[in-house]
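Protein chains: 4
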Amino acid sequence: MGSTYGKIFKIATFGESHGAAIGVIVEGCPAGVIFNTDFIQSELSRRKPGQSRITTQRKEADEFEVLSGVFEGKTTGTPIAMIIRNEDQRSKDYSHIAAQYRPSHADYTYQVKYGVRDYRGGGRSSARETAARVAAGALAKLLLNQAGVKITAYVSQVGTLALSKAYQDLDLSEAENNAVRCPDPEVAGQMFEYIDSVRKQGDSVGGIVSCVATGVPAGWGEPVFDKLHAELGKAMLSINAVKGFEYGSGFEGVRMLGSAHNDAFFVDENGSVHTRSNYSGGIQGGISNGEDIYFRVAFKPVATIMQDQESIDQHGDAAVVQGKGRHDPCVVPRAVPIVEAMAALVLADLYLRNKSSRVDQ
Amino acid sequence: MGSTYGKIFKIATFGESHGAAIGVIVEGCPAGVIFNTDFIQSELSRRKPGQSRITTQRKEADEFEVLSGVFEGKTTGTPIAMIIRNEDQRSKDYSHIAAQYRPSHADYTYQVKYGVRDYRGGGRSSARETAARVAAGALAKLLLNQAGVKITAYVSQVGTLALSKAYQDLDLSEAENNAVRCPDPEVAGQMFEYIDSVRKQGDSVGGIVSCVATGVPAGWGEPVFDKLHAELGKAMLSINAVKGFEYGSGFEGVRMLGSAHNDAFFVDENGSVHTRSNYSGGIQGGISNGEDIYFRVAFKPVATIMQDQESIDQHGDAAVVQGKGRHDPCVVPRAVPIVEAMAALVLADLYLRNKSSRVDQ
Amino acid sequence: MGSTYGKIFKIATFGESHGAAIGVIVEGCPAGVIFNTDFIQSELSRRKPGQSRITTQRKEADEFEVLSGVFEGKTTGTPIAMIIRNEDQRSKDYSHIAAQYRPSHADYTYQVKYGVRDYRGGGRSSARETAARVAAGALAKLLLNQAGVKITAYVSQVGTLALSKAYQDLDLSEAENNAVRCPDPEVAGQMFEYIDSVRKQGDSVGGIVSCVATGVPAGWGEPVFDKLHAELGKAMLSINAVKGFEYGSGFEGVRMLGSAHNDAFFVDENGSVHTRSNYSGGIQGGISNGEDIYFRVAFKPVATIMQDQESIDQHGDAAVVQGKGRHDPCVVPRAVPIVEAMAALVLADLYLRNKSSRVDQ
Amino acid sequence: MGSTYGKIFKIATFGESHGAAIGVIVEGCPAGVIFNTDFIQSELSRRKPGQSRITTQRKEADEFEVLSGVFEGKTTGTPIAMIIRNEDQRSKDYSHIAAQYRPSHADYTYQVKYGVRDYRGGGRSSARETAARVAAGALAKLLLNQAGVKITAYVSQVGTLALSKAYQDLDLSEAENNAVRCPDPEVAGQMFEYIDSVRKQGDSVGGIVSCVATGVPAGWGEPVFDKLHAELGKAMLSINAVKGFEYGSGFEGVRMLGSAHNDAFFVDENGSVHTRSNYSGGIQGGISNGEDIYFRVAFKPVATIMQDQESIDQHGDAAVVQGKGRHDPCVVPRAVPIVEAMAALVLADLYLRNKSSRVDQ
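Residue numbers (the numbering used here), protein chains in the order written: chain A, 73 to 433; chain B, 73 to 433; chain C, 73 to 433; chain D, 73 to 433.
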């Protein structure tokens, strides 16, 4: 249990890091979405390893195949299965993972929960699973584009290096022009150097991905438990290595007074309702209010490092876990498309769920 | 849609602030839980208004009635319905809310989504709904107690006044001894004075509630989307006024290096597996690892203030929303039992979901 | 688990025969449905006991109260809670049920499953629970009426006395004019006498309820598992005492050849697509095709009889269960509104689910 | 929506008749089930076409591939994906289906619902989809076998040729020894000849599949809506061409008196509780009582026949649908493993759902 997300636009992912394939079934995608294969592949490429020297050097083409649900270039309303073959399944020496629990990985907890685990490359707990989410999220984006919604994520912090500007003061399209995916080229350069230095130490560092969704009309989100930001929060927290989520004013907002924090309504020259500030992050009472939706996602330093670490083996004896293989010294650059994908999945689902909110719809 | 939570231990809440009653159905609670009415009532009393001069002066007894699912003092495995009558339903002048959209409330978004809204006291979007959660959460606590799990929340920040000590260095049982529910009596006193001063200004201020769950065995939580912390995050973000969630090292963790952040495993003198640090917050790969689970929840300054504010009416004309009535200048003291209740609902559900993780269980 | 039905128009029922109350929460009903209290009460009255001498002589007013989700006469899109107080909760002698397992009742299976049961009047397994369904179903009917759908059920067989005419050859509105709810007055009279004779013997007899839904447009129903007739079948089989379900040609259809059974398409003078026959029962591939939907539901002779029966007690010793109290000698007259209610719940849900089948909707 | 079944042991199927592949994800299968590849393949072979001259002569190997969730011969608790490639995807002339609506097929209803359809071989509505169910059902059988449950289906009627013996008086293992899958060799011979004569006429005929589950302990099934027989009914009615479902005494039971129909309890020489008769079909109050569970499923004559038929094209003009290609003159022999698979999926799910019915489990 736990490998599905969504109530109408639903996804079910499957697959282990070194099994035959990973993949996803999307159920509930309306018929008539133009299935842009190139776009989906390009989203997968944004996530794949080996993009620069600050990402893991593993080589995976991450080419996907559609098995169902698409006919003559459009979705048909039936389940859409997409799979990505794992290329590197040759027998390898995983004995170090098989016998030991890597610190801050899922080795120990999977073993306790299931009594067995596919230890090869982390198995189901590997971040490789997120490729399936990106494929499904790309389809969600295609649906949302037809509804006028655009989602853009970017790296806003690496270690202690943080962007000082708000998203409104940045050209977010710059983010894709550098390996860090930070829209401020100067800060991006500093981040790159810092990540590279951490890499050389065989260590890892955390970071923050920020995300903005524009064009979401007022009315999306379901009270009480399925508030838009609660769904976003769950979706983001389900991404590997995420430790926190905040939207709108977030943790900083606790310091404010209500008189300053409240977003005053006004009607603009076009007769549209807007708010003068947006501490609400585009969401009030769990429902979108037509303003930009924005949020931030905290990623820990990934657990795989190239250093020896104290641990235990599965017999409970002390063991030293050795650092070897390839790793991402900082996951946030590759996490950007994953954050966007999850946001798209949340919004696509709430978009469709909203269709039955009134009798006259 | 959206008023249900859980997959096995499931709740469905209903009710508006000024309708006949609010309530909850709990489905999936196992038979045989000792239904401690006094305990449930005492949890409701921790949440109810009028507890001190820094909480709203509304008077609500919040006495609950059980309609089903309990027989001879025990749960029977069938749905348990609990209701709380709304006492103050007399016709009142709500014309100011009916005609205007209060800033940073849900008035506008409900109106757009549904085309109609019960404007009396905020209707469904009122935090009054959380009483139903507290009742259900109290039942979840009774189930969890039988499994050895204890959940304790407390106020760790109000405005800029923050506790500097970690939960391990505090006597958490102190929290219930003061009106703020902060376990450090000295800081609690400062918080009380600050909240009271904000109240006198007719303003509001935000805060942070921290929470610790002890006794959770390794193995609870479902990969991939229903990770323990993702469920906790969604549950917390679904509480009125919450803007952020973090667990373990949280947002601070992004600044760390992996070599410092990783939690080394060791076996203690009793043969139990533990970790030397707990930046993981008791959760690895979305599954509990047997350590304490801890997290923090950020609450914004509540939107109801006793000051005039700019807004619009439902015809789109400019309007001044007047501050009147009674309000909570800071919600975090009363939010403590709500955070505990939601944590209990998450853990009860994952506890039961874990029962089918292996054939030998 | 198991007390909820529906994916968008969802209901959750609760309550035992002799607890404080039974009731239902309807979640997912769109805002704007005119909440006709009198209609809902009249549907409950069609189900309530004591309607004639061939139904149980228990007296229950079955008056319902709305607790939430309705404002100024319309649904608001939030959960609608309806409860019916149990009137007759005075302490009674249930020791015969407490200690013994009544044959073909749920006493034994509940005891084994839960280790405890509310034995008073059958507890949760009592058909009293269906009153909650009728209330929710009445609301579903109000929604469907606005969509042009009408649902009519009637008694078509009692014991071996069967209507020979198809529904098209009957005036179904006649059904409500007699105590049996059979639209053929002559056959109704025979059925009445037969049921009364069975009653006098202290025995019970089975029967069949037929149902027709008109005005369902083509397109409702979800392949593969949630086919319209599969949802109908589950809903009907969930009613107490139901042993079988068939739609369209049903069990008789197995004897036919495909060349006779296939329903030829044609276009009528108004340009509407129709089929010359309707062995499909208005459903093809699990999706409505615009023709009338019709089906039949088989009810066993109810287990409560006024005769002594062989059984065991809860210690496993032989026991004689004595016939006493009041009973329905044949449930089908009172089952008619329950069948309609469940059909309405199925159709309301599939109506709303269909709203996201295409991007252009 | 609609392509998923189950609440804990959940399956999601995908795929069209002539797409790249069909398949299924099984989620919620406990870790530790011995994954017997040969058994699953043999179940698929029981369903595949071309088994004798009374089944369709299409050639499909129906070899499945496991993509995930299995490691070292056992399930790991993570999603298990199984796919079956469609072999015959070469471009063919489907213009007759593309342009016309075949009578009593799903062509028309899919077109209306989705505005588009994959018309090749029936697309998603093809019975080819049931191969995915058989693969998942085989896995459910492996889990159930470990719990002592055995499921056996067989053909009990073809057209008007019906078995007169009850299942207790038959050697059900005989069913697999003939092409019809009828356990009475003599009746099987008559059925074979009859089906063959229908085939020669280019026509089709209906039939009934009966099924028995033994070894189900008392306690499985969830009141109120998810009664064991309601879940079975839905599962069976979701199979292509099914028109009816009955369990225990079924439609015949309506003719009986309660005094004859009630199943008296007694304790056998081993101290086990049993009933003297089993009109309840092993289910009371929706929960298994430890007796054999038995039910019957009615299949219509399949719509594909080798004769010309009146219909319309998609412009609404009259058209003649020509009989061509290959078809099953009677589906019930190949439906036997599908009925078993669906029964296994229902029981596996209710088995796991029952694990949280009591605190002491």
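Among these hints, one or two may not hold up.
No copy labels: a pair is met if it fits in one copy or bridges any two.
Once the Cα atoms are required to be at most 25 Å apart in a straight line, the calculated DSS-like pairs of lysine-lysine come out as [stated by the list, open to error]:
(1) Lys-79 - Lys-131
(2) Lys-396 - Lys-272
(3) Lys-427 - Lys-146
(4) Lys-79 - Lys-222
(5) Lys-146 - Lys-396
(6) Lys-222 - Lys-237
(7) Lys-272 - Lys-146
(8) Lys-272 - Lys-131
(9) Lys-131 - Lys-396
(10) Lys-396 - Lys-222
(11) Lys-131 - Lys-427
(12) Lys-237 - Lys-146
(13) Lys-396 - Lys-427
In short, the hints are calculated from the structure, not lab data. Because the structure is a prediction, the values reported are computed rather than measured.
Check: Within a copy, between copies, both or neither: where do Lys-131 and Lys-396 come within 25 Å Cα-Cα?
Finding: Within one copy, since 16 Å is at most 25 Å while 50 Å is not.
Check: How would you label the pair Lys-146, Lys-396 (within, between, both, or neither) given a Cα cut-off of 25 Å?
Finding: So Lys-146 and Lys-396 fail the 25 Å test inside a copy (45 Å) and across (29 Å) alike.
Notebook entry, point to check: What label fits Lys-396 with Lys-427 when the C-alpha limit is 25 Å: within, between, both, or neither?
Noted result: neither (51 Å within a copy, 36 Å between copies)
Next item on the list: Could you figure out if Lys-396 and Lys-272 sit no more than 25 Å apart (CA to CA) within one copy, between two copies, both or neither?
Entry: within (13 Å within a copy, 61 Å between copies)
Margin query: At most 25 Å between alpha carbons: which applies to Lys-272 and Lys-131, within, between, both or neither?
Written below: Classified as within; 20 Å inside a copy, 58 Å across copies.
Next item on the list: Using 25 Å as the alpha carbon limit, work out where Lys-272 and Lys-146 are close: within a copy, between copies, both or neither.
Entry: neither (47 Å within a copy, 40 Å between copies)
Checklist line | Homo-oligomer pair classification [Lys-237, Lys-222; C-alpha up to 25 Å] | finding: So Lys-222 and Lys-237 pass the 25 Å test inside one copy only (21 Å; across, 42 Å).
Next item on the list: Could you figure out if Lys-427 and Lys-146 sit no more than 25 Å apart (CA to CA) within one copy, between two copies, both or neither?
Entry: both (21 Å within a copy, 18 Å between copies)
Check: Is it within a copy, between copies, both, or neither that the alpha carbon of Lys-79 lies no farther than 25 Å from that of Lys-222?
Finding: within (21 Å within a copy, 29 Å between copies)
Next item on the list: Pop the pair Lys-79 and Lys-131 into one bin, within, between, both or neither, using alpha-carbon distances up to 25 Å.
Entry: neither (35 Å within a copy, 38 Å between copies)
Next item on the list: Using 25 Å as the alpha carbon limit, work out where Lys-131 and Lys-427 are close: within a copy, between copies, both or neither.
Entry: neither (43 Å within a copy, 39 Å between copies)
Notebook entry, point to check: Between copies, within a copy, both or neither: which fits Lys-396 and Lys-222 at Cα up to 25 Å?
Noted result: Neither way: Lys-396 and Lys-222 sit 40 Å apart in one copy and 40 Å across, limit 25 Å.
The structure fails hints 1, 5, 7, 10, 11, 12 and 13 (numbered hints given earlier, in ascending order).
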